[in-house]
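The hints should help you fit chains P, U and S onto chain G, whose structure is shown.
Protein sequences appear in the order of chains G, P, U and S.
Last residue of the first sequence: 495 in the working numbering, with the numbers rising by one and none dropped.
Last residue of the second sequence: 495 in the working numbering, with the numbers rising by one and none dropped.
Last residue of the third sequence: 495 in the working numbering, with the numbers rising by one and none dropped.
Last residue of the fourth sequence: 495 in the working numbering, with the numbers rising by one and none dropped.
Since the hints were derived computationally from the structure, they do not count as laboratory data.
Note that the list lumps identical chains together, so a pair holds whenever it fits in one copy or between two copies.
Result set (DSS-like, lysine-lysine): computed pairs, CA atoms no more than 25 Å apart in a straight line:
{"hint": "1", "residue 1": "LYS365", "residue 2": "LYS342"}
{"hint": "2", "residue 1": "LYS342", "residue 2": "LYS294"}
{"hint": "3", "residue 1": "LYS294", "residue 2": "LYS376"}
This structure is a prediction, so every number in the text was calculated from the model and none was measured.
4 protein chains.
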Amino acid sequence: MSVVGRRSSDVGRKQTKMEGRKPREKCGVFGIYGPGLNVARLTYYGIFALQHRGQESAGIAILDGDKIHVQKGMGLVSEVFGNSDLDKLQGRAAIGHVRYSTTGASQLVNAQPLVFRYAGGMLGLAHNGNITNVHELHQRLTSSGAIFQSTTDSEIIVNLLARYSQASFSMEEAVIRCMQDLEGAYSLVILTEKSLFAVRDAYGFRPLCLGVLNGNYVVASESCALDTIGASFLRDVTPGEIVTINEHGLTSTQGVSCQRRAHCIFEYIYFARPDSNIDGFNVKKVRREMGRRLAQEYPVKVDLVIPVPDSGTSAALGYAEASGISFEEGLMKNRYVGRTFIQPCQEMRDVGVRLKLNPVRELLAGKRIVLIDDSLVRGTTSKKIVGMLRECGAREIHLCLSSPPVAHACYYGIDTSNEKELLAAQMSLEEIRQRITVDGLHYLSLNSLLDIFDGKKDSFCTACYSGDYPIALESAEIDRTKKLEF
Amino acid sequence: MSVVGRRSSDVGRKQTKMEGRKPREKCGVFGIYGPGLNVARLTYYGIFALQHRGQESAGIAILDGDKIHVQKGMGLVSEVFGNSDLDKLQGRAAIGHVRYSTTGASQLVNAQPLVFRYAGGMLGLAHNGNITNVHELHQRLTSSGAIFQSTTDSEIIVNLLARYSQASFSMEEAVIRCMQDLEGAYSLVILTEKSLFAVRDAYGFRPLCLGVLNGNYVVASESCALDTIGASFLRDVTPGEIVTINEHGLTSTQGVSCQRRAHCIFEYIYFARPDSNIDGFNVKKVRREMGRRLAQEYPVKVDLVIPVPDSGTSAALGYAEASGISFEEGLMKNRYVGRTFIQPCQEMRDVGVRLKLNPVRELLAGKRIVLIDDSLVRGTTSKKIVGMLRECGAREIHLCLSSPPVAHACYYGIDTSNEKELLAAQMSLEEIRQRITVDGLHYLSLNSLLDIFDGKKDSFCTACYSGDYPIALESAEIDRTKKLEF
Amino acid sequence: MSVVGRRSSDVGRKQTKMEGRKPREKCGVFGIYGPGLNVARLTYYGIFALQHRGQESAGIAILDGDKIHVQKGMGLVSEVFGNSDLDKLQGRAAIGHVRYSTTGASQLVNAQPLVFRYAGGMLGLAHNGNITNVHELHQRLTSSGAIFQSTTDSEIIVNLLARYSQASFSMEEAVIRCMQDLEGAYSLVILTEKSLFAVRDAYGFRPLCLGVLNGNYVVASESCALDTIGASFLRDVTPGEIVTINEHGLTSTQGVSCQRRAHCIFEYIYFARPDSNIDGFNVKKVRREMGRRLAQEYPVKVDLVIPVPDSGTSAALGYAEASGISFEEGLMKNRYVGRTFIQPCQEMRDVGVRLKLNPVRELLAGKRIVLIDDSLVRGTTSKKIVGMLRECGAREIHLCLSSPPVAHACYYGIDTSNEKELLAAQMSLEEIRQRITVDGLHYLSLNSLLDIFDGKKDSFCTACYSGDYPIALESAEIDRTKKLEF
Amino acid sequence: MSVVGRRSSDVGRKQTKMEGRKPREKCGVFGIYGPGLNVARLTYYGIFALQHRGQESAGIAILDGDKIHVQKGMGLVSEVFGNSDLDKLQGRAAIGHVRYSTTGASQLVNAQPLVFRYAGGMLGLAHNGNITNVHELHQRLTSSGAIFQSTTDSEIIVNLLARYSQASFSMEEAVIRCMQDLEGAYSLVILTEKSLFAVRDAYGFRPLCLGVLNGNYVVASESCALDTIGASFLRDVTPGEIVTINEHGLTSTQGVSCQRRAHCIFEYIYFARPDSNIDGFNVKKVRREMGRRLAQEYPVKVDLVIPVPDSGTSAALGYAEASGISFEEGLMKNRYVGRTFIQPCQEMRDVGVRLKLNPVRELLAGKRIVLIDDSLVRGTTSKKIVGMLRECGAREIHLCLSSPPVAHACYYGIDTSNEKELLAAQMSLEEIRQRITVDGLHYLSLNSLLDIFDGKKDSFCTACYSGDYPIALESAEIDRTKKLEF
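So here's chain G without its partners, still in its complex pose (with noise of 0.2 Å):
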């Protein structure tokens, strides 16, 4: 650990807005409980994998004898660990978490994993998701006299899981106390001075699945994490389940019962990587299906289909083969605008996106190309791109986009606009097609996209598209950004 620089504040950055930021994934967790394996490379690895699930803060905690030790720091896995720092990361069990904050705080004391000592020893919790009731759970704990140092619903958990297991409850009974107690999406892993339990709320909501690794236990949000460290995919922890990983192996609990599953589907459309399976379904399969159903619901005759990479690149291919419409790399993508990347000034604004993605006019001049992409937020990047080639010289151009219209905020742990801010709960289809200046704009249909997965339409959430809630919210839920820094 350098000497230079180890700070921690919560004056925070000034939060830079893009203007038509995606939405963005809150969490990616990891444990593993391998004995004789280098624990800490594993994780690290791991996390590395679900590094587009947050990159904001990464961190892990280790089992060493009875001690839980942590790193974290803001920042890429790559910037907060050295090698000299996993070398000193030696232990039986481990859990690894990477963060984007849903609000302003980015700051270290929200970093996670969170570790704390209490009555039954030392405890570490990574957490993704969003938890629902936390006015009301953060009233009663310090109604009775606790404090909170973080602004994250994460600490919440950990202060019931505290005050459970203190009530010579054994942990998992703890556990099961606490989910009964939350209310929201969550997807935890949790380590013990005996024990990894992997936990994932009711509904589901947050992925959440389990792997081998010479029968050594691993979780992981994604399989691809799996994957990474060479692990194979068993199953997917299931809506309610607790899994209690330890020197006796694995046994499973059903913390709650599961009424409804209700697995996020923006986790297809965006946030997932392509090469993972989720409850089910592997996601590039999922986006390809995507845009053979675009090409069936909007046919149009053009020339060539053009994604916007790396987001809309598979549905373009699935487009491109319902069609039989040429498939063109037609945007280049620059692969190293990055976090510390210097923003133009106002006088260079063109600049922007141009810096990220650039045309090749040889591809465009003269072209109608069906561009696809995977969401709008608020079209104003889609207008430049737009613009850009029709600069080049395209004649004509047409927007799919592989989801519904996003209507409505989510509660559940992904990073929405606040509903006011979405275009599609402003707009009119053909405002929004004469904003962004195309010829024409289709949005994938709901029915469609929940007709890909097969039998199963009723397991996921469509909140954002549709406004029906799995979970009721609290009456403070209304204002989204006070519920979440309470």
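Frame of chain G, contents of chains P, U and S only:
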């Protein structure tokens, strides 16, 4: 705040074990209530003036509206804060802290001020001292569900405050309750959404004083911090007192009664800055008087009085004055030795002391010398200094120490060695003299030392010399390491 | 510019030897003459668009009055420059450089632009290429007293310019003299107190093109840099040409005559960005055509065409188009793999390739595959990829490469392996096939490749395939390492 | 060497203009020829002991086989080198340098040692001093094609060496030729592939001495560096001497004859470390003697002798001794003030001096004081100190300076202010006294100062006091700034 390297780790740096290390102060605290003033910068300069009380971490918490923001980090004040950080910290009141851990846990999570949310809002706390009944309190708190994220006793205080204040007590009442629970040494500054509190334990172990800057109140561990920001010294906070400062001005409450004053005498001997006045005595004057009394107790016929800089300089001047023997700076100190300095490897170990102290050969050849230092720990460094002096031709060397032998460990906020490592607890005077290879060795007697403080002899804690502990220790106390880290 | 860590060392980092590493481009250059424009930011975005041509160091030199200021550093463009750095760089013309050393000497001292004072004032130079008679020139210069502070051949050019310009030649004449001395490959941008020069060697090995932005001239290694800053492409700088840009506009001089064009064909195959146009051909179109011709040369009955991303994607699309076989992104690339990434240790070496590329199991099971990549170096990575595909159930795998086998080292600015390390120089096609464990292996023929470039077949350097070197090499040339470092 | 932040810039930090800044030494040099020794670490400790001679940049060059490696950087020795850096620097001889630029150009490119390749191989050079005929030499060199990458006169020396050595001279002959060309002040250490050279100009302006460590020769600016690494002092290098050290031992050549010794007298007054011996005199002893002579020249009836720490301490002790008046450390210096410290903003400017120096109120009230400092520049700081002392109740204050008034600029390696900024060149003694608001003011007379140096009065350069410049200046010299930066 730079992006790279912001991380928190409890894996820790391997604490460099310095041979013959001096006892170390735990912390320094500072607080200011100054609407209209630049409280962040004033606090920066305040803790900068207290830097000698802790070089491991630094932090500032500031009250802005009803939010308390905090920035803290590992390292010196000048390393933790940049200009832009201070510009961002705006508010009407602030507290600051510098820290030296007494255990191996040099971690960001242990840096102060601690800032948290509780039922009553937000609260920040900075602590100098050491709670002695920490085990009992820790058990009481965790058994009712409390969790601990640091390994400091300060988090115990914070939890007590939260619990008492939630029970419909005012914060002042909560502080009183808290003081009734706490045993040991503590000087606290507390920042709430309304007020700044300065609290000192019933014995007054650690210093804490009060000043005023243009009508605004300031509190600090030492008066030098008041001088530095241009504030005038008002008075010391008295043992057991709670000073409350807010928009209504300053009020004082006796939180617990003071049965016995027990100011730490080591502050005068070594820790405090010479320009500070503590509990009625100027540190520099006390040190010079120690030298005078040394000359009376140990008159010796030599050519030169030479201090070990900087700790022995004041006493050496006193010795020279009283004895009439010439004072000479015979050892040159390299002012660039700092934390990041590369320690000499095994093969050039001799370089070690010479890097820090180089004897001025021309002054020493053929001379008889009395060498003055403030205290002796393991004697290793002293022995090397003596060797260097002899190599330069000094023909007689006497070592005089301006304090009695430290024979007992401190439990009230000073980081002494364990009792079994203390030289004076293990060897006779003659054995020590032989080990250090000096011609004469003398410690200032406890009586002489106390005589300096006129009619206030009984106001000091002399436990490290006499073994007379003002507060009985928990039985668990015996194993001191366990205690501090619980 | 932060104070900590600014240092220069030639002790160097141990160059990570990546197995099966691809050939690497040496450098990218950029220049702009734009009084009134923010030339520092435009140069920043220009070299940012050329980042793929060198990730080791970056630099910008700017002309302000009659001073040339320079800032350069190790790392990516976004790491070397902060916002405040760009704010400080003000002027009317600028040049920029990104660099990949071809030797072990990754040193700040070798970063460009080189800026120096000579008899005529100040001069800055950025160089892409490789001088082949460097030994002779080095000896000539040192024997008349020249000193060299870097290990780059660019410093040779700089010394020649200084010597010729001092002999009462104009800078343009000095450049001509210099070109007469230099053998090998070079595309230069030169900044003097009056003018910006763009210079290309007599063969046109390395690319260099000219654009215009609101009446101001811009030069860049590739047209994508012009696109990025919103400049229009004018034309390529021709072999042997000197373009002079200053307050009087643009003038062109033929510095040396062009006997033979020898554009580097590898630019189209691998180095250049797909959206660039170089010497009359669009890179992406050429790559797609390579794929089509591969399909003609090696028609095979399989189920899927799968690219090795990103280098094989365009050719794979061409193959799929020509063959009618379905294109599928069967290998998922982790976009977060960067320079600071921790390489897997020996015990988890298998993790290595999977971190970067993960096969999408669901798409591959039971399938026959043609895998498309651009070239093959040592074959180690390809073999691992093939292994992963088989593990996922692929039952037949053919590997098609969109270039002929690289059998000869490059001396004109590309960092290939030594000849004895080149797979194709050592093994037969069948031996390579067996080593990689594929069912079929095919390289695009040189004839097919050249046919893509219509009537311009003879305009290219194909030395790395054919051994036909456009410039005879110094005898000392044999030991290539010596040569480059002199 | 960390990857982030390694960059070179000539844009520079804005040089903080400190009011009343003291003159500054330009540089310190060190060299060791020690096969079998850890020459990198010994050089590290050597330049660490010379850190007071330059805090802006540091560097070490080391001879390994026939290569010379160099590492240098901006900042303190302890900031530039880490343990792993030193481990990588292995070899049989090394030179080191610390630097304080005398101009605004605080740039990495100007850091030393300079290392370069020339016709004869590799060469490293470290320089302390200032060449006065730099314009003439610069013109001569550039007119024959030389280029300059730094703005230091040291690069002139390097080019001369390269030119002479290439003309079939031995390096020793080249050094002699070079010395015949150079005018001004220079103490050089030069490292070639065979030998270590120590060279001192014909006047001996800047110090340079020779030591021995276990039979290996060491050279250093000051003897304190020899002491620190445990080497014995042999002798000073004499004016005009070239010392050559290699496998055949040590040989001495008179490079140019010495017509007149002109050792810089300011070394004794301010720059050098008190524990150093320079040209036959111990610095500390000289300083104490200055104080004694001050007491004779300016006897005054006061209560206390108080030094401005640290520069006035030795003289104050001498004054106290000669006068019999009590010495007291009445001003406390904060040892944590360093380069990264945040300067107080306008509104709290008074904090500025108090941060660095705090008067000990208890000692001063009602007292008459003689304040001792080494010199006076603009008087601003002194005036503030006097103000603080009066505020503490001092009722009479005399200021005595242990040097004559500085009335002339230095051209031989000291960074004085321009003549028109020098207080003593502009105002009468009485005017200065009034400005500083003291009751009395006295400068040590030049005669008294010179008398200290027994029969060697004529061996010193006193130009800054007397205007008697040992070397006539170039006419261009008048504009000193131009000269140094050429």
